[in-house]
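Residue numbers (the working numbering), protein chains in the order written: chain Y, 1 to 73; chain R, 1 to 245.
These are computed hints drawn from the structure, not numbers from a lab. Glycine included, C-beta positions come from ideal geometry on N, C-alpha and C. Some hints here could point you the wrong way.
Okay, the calculated beta carbon distance ranges per label pair [unchecked claim]:
(1) R:L50 / Y:S33: 39 to 47 Å
(2) R:V51 / Y:K10: 20 to 28 Å
(3) R:H221 / Y:M30: 55 to 63 Å
(4) Y:S67 / R:G77: 20 to 28 Å
(5) R:N193 / Y:H42: 46 to 54 Å
(6) R:A97 / Y:S67: 25 to 33 Å
(7) R:R42 / Y:K10: 30 to 38 Å
(8) R:R113 / Y:A60: 23 to 31 Å
(9) Y:Q35 / R:Y222: 52 to 60 Å
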Amino acid sequence: MSTIVCLKEKNVLVLGTDSRFMKGDSSGVMSDSEQKIYEVAHETFIAASGWKFALDFELAKAREIASRSAITH
Amino acid sequence: MSGLHTYGGSEVCGNVDVHASALAGRNARGELGFVVQEYSLRDGEIVYRLVFEYFGDDRRIWARPGKPVVRLAQEPGTWTDSPLAVVRRFLSTLKAADDRIGGPDQIVELTLRGAQRSQLPAGIVSTNINQISRFDHATVQVGGGGFTFSGSGGITIAGGGDISVSPGSIFGTAVKAGTAGFYIFNTQVIDSNGNFVGGAVNVPGGCGANGFNPKVGGVQHYGANLTFRDLDGVTHQVVGGVIVS
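If we strip away everything but chain Y, and leave its shape as in the complex, we get (with noise of 0.2 Å):
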């Protein structure tokens, strides 16, 4: 499961998650070391909720997207 806490204010946003990843049954903690924020454009964060697998997709994903679109700042 892990988790997403996403706050917006103003000009300012913090988006915060835990370091922990469960073995793939959820019957054990597999690490509490793991990275779960990447920047993948300039000032352009994302962060997930749920499957390793998932996440390194969407990372791969939206770095091929920003590079392609350069629509980041």
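Got chain Y; can you put chain R on it based on the hints?
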């Protein structure tokens, strides 16, 4: 039976949240905000939906899972305290409520000054150290070139922790002292097995002109340069020798 999906290796049905992600940054107009998307199992089908999108000015919070933080949403401080404090409070509450949530917080704060990151695993700590403002609970592992401090702040260890140095060669650790010399207070030499070897200091490269200046029993002694001749008539020269009694 219809409406089953082999999600997770087993045939399941009903409503199951599978995966969610939040993308935070600026839109094409430069407005700060975030977008949340979610994949879930609904009646045997994997469904994608854009859950939440916000680029406005009023304070809005989105959290997953949401149930443990319902009480927090009703507290006035959630809507008045600093954004960073509120997010930390949410993360602490979520960790206490769910065993699948744990480990150090990972937080990115985006403001007009740019991005500030705190308490991230070693892999992320690779950018400008000046932007990392908070390490309250973090363990930082640094590989490669290690830390380099260019400022004048130095290192202060206030919590009583040890400094462990494992030299990579027989030449040990190099300490560059100022003009006042290199002072050693209550130093113990520990070998690689953790055994106390002694308080001695080996100086294979020799000392500077002032030699050793040890304080023994509260009395300060200074090294002396002298020449003497032994019983065989051989002359010896002592540099920095110390006579303590």
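Outcome of the hint check:
1. For R:L50 and Y:S33, the hinted distance range of 39 to 47 Å is not satisfied, since their beta carbons lie about 31 Å from each other.
2. Here the CB-CB span from R:V51 to Y:K10 is close to 22 Å, well matched to the stated 20 to 28 Å.
3. The hint said 55 to 63 Å for the Cβ distance between R:H221 and Y:M30, and at roughly 60 Å that hint holds.
4. Against the hinted window of 20 to 28 Å, the Cβ-Cβ separation of Y:S67 and R:G77 comes to about 41 Å, which falls outside the hint.
5. For the pair R:N193 and Y:H42, the supplied restraint of 46 to 54 Å holds, since their beta-carbon distance comes to about 49 Å.
6. Evaluation of the 25 to 33 Å hint for R:A97 and Y:S67 yields a failure: the beta carbon distance comes to about 38 Å.
7. Restraint check, R:R42 to Y:K10: a C-beta distance of roughly 36 Å satisfies the suggested window 30 to 38 Å.
8. Judged by the Cβ atoms, the range 23 to 31 Å given for R:R113 and Y:A60 holds: they are separated by roughly 29 Å.
9. Range check, Y:Q35 to R:Y222: about 55 Å between beta-carbon atoms, so the 52 to 60 Å window is met.
This entry does not satisfy hints 1, 4, 6, going by the numbered hints stated previously.
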